[in-house]
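Enquirer: Sequence:
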Amino acid sequence: MKLSKWKLMALIIPAAWTSISYAYDWNDDVTQRVQTLIGNAADKYVQGDYDSYNSDTETAINLLLTIEPQPQSPEQIDARKIQAAQLVDETVKKEIISLEQSLEANQAKADAEYQKMQSMSKEEKEQAAAKAAAEKALAAKAKAAREKAEATSDVDEMLGELGSGKSAPKTHTSTSSGGASMAEISAYTAQVSGMIRSKLPAWDTYKGKRCSVVIHMKPDGKLTGTDSYNGDNDFCNYLKEGLNSIDEFPKVPNQSVYSIIKDASINFKP
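Here the sequence shown stands for residues -23 to -1, 1 to 247, numbered as in mature numbering (1 follows the signal peptide of the UniProt record, and there is no 0).
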């Protein structure tokens, strides 16, 4: 699944005709490098190597920030980051689906070869059986990765809405991230959201601003730290002051919810 040049070019607003030739050369190079990273990320996701997956997707997003002409103001940089993250996320998921389809086709081929084993020697039969089993295992792994990617998007959407107070329960009953139900996650994040908002009395004065922050906590709800503030400086500083006044959140209901919420990156948007 190739990264659409038109989607990529949606990130670009050419400033001058003289820069277009250079921009296209550089942007084409970025497109190729990002496509390679996305392919690697999808493969690592299927294999369960989430550290490499996160590293490749982060590098791809950072590369997209260099698309010419590059954003200059903090607002432009934030907007480009959001667009780049969405583009990478959508393309990686399509790549995972494509990989799954390819592996399913390989499995079907291996199964067909297995059916021909009646005329084979014992050694050939064993080799064909092993190949069919390997293809089946890979296809199952790819399917599980796709399902996890789709389920994770529901959790990410819910966590992304936490900062704006939107935490209504979804209709999904569970996710693949440890078995936590969306209702459980939504109920707990509603408590966290309410506590944070109570520490930000001037919330409405920051309408139109945004700030994302990674919140770290223990299973008992104790706040152990915050980092990776990203967004409007004034709002991020105000948010940091509010979070610094919180010692602990309500106790996390179970380990499944904790595995999702413990190091959550949350977007706050008044």
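What the hints contain is simulated information worked out from the structure, not anything from laboratory work.
Glycine is no exception: its CB is placed at the ideal position from the N, C-alpha and C atoms.
Possibly wrong hints are sitting among the right ones.
[Said to hold, decoys possible] Label pairs and their calculated CB-CB ranges: (1) 52 with 75: 33 to 43 angstroms; (2) 50 with 82: 18 to 28 angstroms; (3) 35 with 221: 56 to 66 angstroms; (4) 202 with 75: 22 to 32 angstroms.
[Claimed, not checked] Result set (DSS-like, lysine-lysine): computed pairs, CA atoms no more than 30 angstroms apart in a straight line: (5) 70 with 99; (6) 21 with 99; (7) 239 with 71; (8) 71 with 99; (9) 176 with 195; (10) 195 with 239; (11) 186 with 199; (12) 21 with 186; (13) 113 with 176.
Enquirer: Evaluate each hint against the coordinates.
Expert: Okay, the hints, checked on the actual structure:
For the pair residue 52 and residue 75, the beta carbons lie near 35 angstroms from each other, so the given range of 33 to 43 angstroms is met. Between residue 50 and residue 82 the CB atoms are about 48 angstroms apart, so this pair departs from the stated range of 18 to 28 angstroms. At about 27 angstroms, the beta-carbon gap between residue 35 and residue 221 misses the expected band of 56 to 66 angstroms. For the pair residue 202 and residue 75, the beta carbons lie near 39 angstroms from each other, so the given range of 22 to 32 angstroms is not met.
Of the supplied pair hints, the one linking residue 70 and residue 99 is violated, its CA atoms being roughly 41 angstroms apart against a limit of 30 angstroms. With a CA separation close to 35 angstroms, the supplied pair residue 21 and residue 99 exceeds the 30 angstroms bound. For a cut-off of 30 angstroms, the pair hint linking residue 239 to residue 71 stands: about 28 angstroms separates their Cα positions. With a C-alpha separation of about 40 angstroms, the suggested pair residue 71 and residue 99 falls outside the 30 angstroms cut-off, and the hint is violated.
The hinted pair formed by residue 176 and residue 195 meets the criterion: a straight-line CA distance of about 20 angstroms does not exceed 30 angstroms. Proposed proximity of residue 195 and residue 239 is supported: the alpha carbons are some 7 angstroms apart, at most 30 angstroms. A hinted pair counts as satisfied when its Cα atoms are at most 30 angstroms apart, and residue 186 with residue 199 qualifies at roughly 28 angstroms. The straight-line distance between the Cα atoms of residue 21 and residue 186 is roughly 35 angstroms, outside the 30 angstroms bound, and the hint therefore fails.
The hinted pair formed by residue 113 and residue 176 fails the criterion: a straight-line CA distance of about 53 angstroms is larger than 30 angstroms.
Consistency note: the structure conflicts with the earlier hints numbered 2, 3, 4, 5, 6, 8, 12, 13.
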